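J.: Dock chain B against the given chain A, drawing on the hints supplied.
Chain residues, written in single-letter form:
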Amino acid sequence: MRGSVTVGRVAAHLPLALGAAVMLLPFVWMVLTSFRPADAVFAGFGLSTFAGLANYAHALGTAPLLRFMLNGVIVCAGILAVQLLVAIPAAYALAKLSFRGRSLLFALVVAGLCIPIQVPALPLYLGLARAGLLDTYLAMMFPFFLSVFAIFLFRQFFKSFPDEIIQAARLDGAGEFEIVWRFVAPAALPAISAFSIFSVVAHWNDLYWPLIVITETRLAPPPLGMLYFRDAETGSNYGALMAGATVITAPLVLAFLVARRRFIQGVTMTGLK
Amino acid sequence: MRAAAATARLDAGLILGAGHAFAAPATLLLLLIYVVPVVALVWLSLTDYELGAVETRFLGLENFARALADPVFRRSIANTFAYVAIVLPGGVLLGLGAALLVHGRIRSRSVYEVIYFLPVTSTLIAMATVWQFLLHPRLGPVREITLALGLGEVAFLSDPALVIPTLAAIGLWQLVGFNMILFLAGLSAIPADLYEAAALDGASGGIDRFLRVTWPLLGPTTMFVTVTTSITAFKVFDTVRVLTEGGPAGASEVLLYVIWLEGFQYFRIGYAAALTLIFLAFILAFSILQAVALDRRVHY
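Chains A and B, in that order, give the protein sequences. If you count the first sequence from 1, position 163 lands on 186 in the numbering used here, and the numbers rise without skipping. If you count the second sequence from 1, position 212 lands on 621 in the numbering used here, and the numbers rise without skipping.
Isolated chain A, as found in the complex:
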């Protein structure tokens, strides 16, 4: 009996460990190479000479990597702020208030869920070009100001908020604005934080839209910046290239390691990444 338990455990750990090695290999190789001098880049898994400082200095000197990160922070924060400010009241209205056009609005929200950004991208690009807004932060953020998914998710949460509390607050003289932001939204904090993680991860890593509306290096968010940096390096200096990749990847990976429960709960709750 005891023997079979051990065998079972090994049988489970063996494939899991093998899979874990594949998952980790690129991260290990990336960090390892970023510490190596150029002539030792291809030498197995050892690390004989430490050239990390030179590689990172070269990477940061060749491309404005920190600027890319700042752009990423600005874009993600701007998108998330507007998404929440727009979606929370709209979701509350759909969940708890009756107004003309409510079912039409909800139908459009659900329809919007089925349409990926690549579909309206062409007309949005033409509109932004005509408005002279290409190569701006606004152009990078605008298509994502409305998250139909956020409206959808928050509406589900708000629906289960007790009507008695809302009625009591109204009798106490609270306006609808106050009810949303003081009572209803705080009660849905798990959903709001799950959505926030989803939003930041999605837009920090998005390449497609910035690639379309941004041509100036100084405005590039991290993925587009990585693309520029990669082209500039032309594959000769692997140490610096991997140092750049490490810098670009680090913020989200570190955030995940710090708040991994929240990340995983967020995925479980929303089912999206």
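Treat the hints with care, as some may be off.
So the derived list for chain B, only partly shown, Cβ under 7 angstroms to chain A, looks like this [unchecked claim]:
id, residue
1, Pro446
2, Ala449
3, Ile534
4, Gly672
5, Ser696
Keep in mind that the hints were calculated from the coordinates and are not lab data. This one's a predicted model, so the numbers in the text were calculated from it and none came from an experiment. No residue lacks a Cβ here, since even glycine has one placed at the ideal position from N, Cα and C.
T.: Just chain B now, with coordinates in the frame of chain A:
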């Protein structure tokens, strides 16, 4: 009495006003981001509009006919389906397998969760560059493995027969941990007494329990994972743009990459609009299923 009724009516009026006021920004953005662009897209797809062209003609369905006869576009459909045909079953089965194995672990569960989920949060553009290096036929460490296996130098990304499977493997690397987390949530929701009941009914051994209890009860999760994985796979773009730019010789040109080239590199807007609508047609069935599944999921 009358005063109370008047107040109630006033309140109802105010609440009605609040409904409109709260929905207004979302409605406006919905019009600007979805409704108007989609209508414009349909109109553009019926024209030969090009950025900077002097005049634009109405073509009717000519763009669609041209697209369906266009060998480049047809190849991109075939390539995309080949990619999906690997990533979809691979992503679902590996995600399920990893979840089943991790679910039984008590002390090591969170370690595996973190490791498998790490690629999901990482920036794919940066990690794709690392993969390119790892898979480099002369310089990468994977070379040691292919040499040891007697395969010689394998040009993963420049061999037309290998490029789609290689990109799919990178896609799987990023996706499996995400699917595993979804399956783990599904597994945790299965009540333990169902397994006890199955055991009393004579279900013996892991496979029997899996077929009688786990697999049927995971149905909704499996359906959800299948749909989201299909959508993700259909939208493959980043790795193609960074690693192959559609090459070698078009062997990795996928739908979104061709649409991006036509629309945003060659600026043949009308034609690209038609391609976008064809792309939407492919993805719509999956998106609708996803919306239905989302509706079920977030009820709890």
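J.: Would you list, in rising numerical order, the hints stated earlier that this structure does not obey?
T.: none
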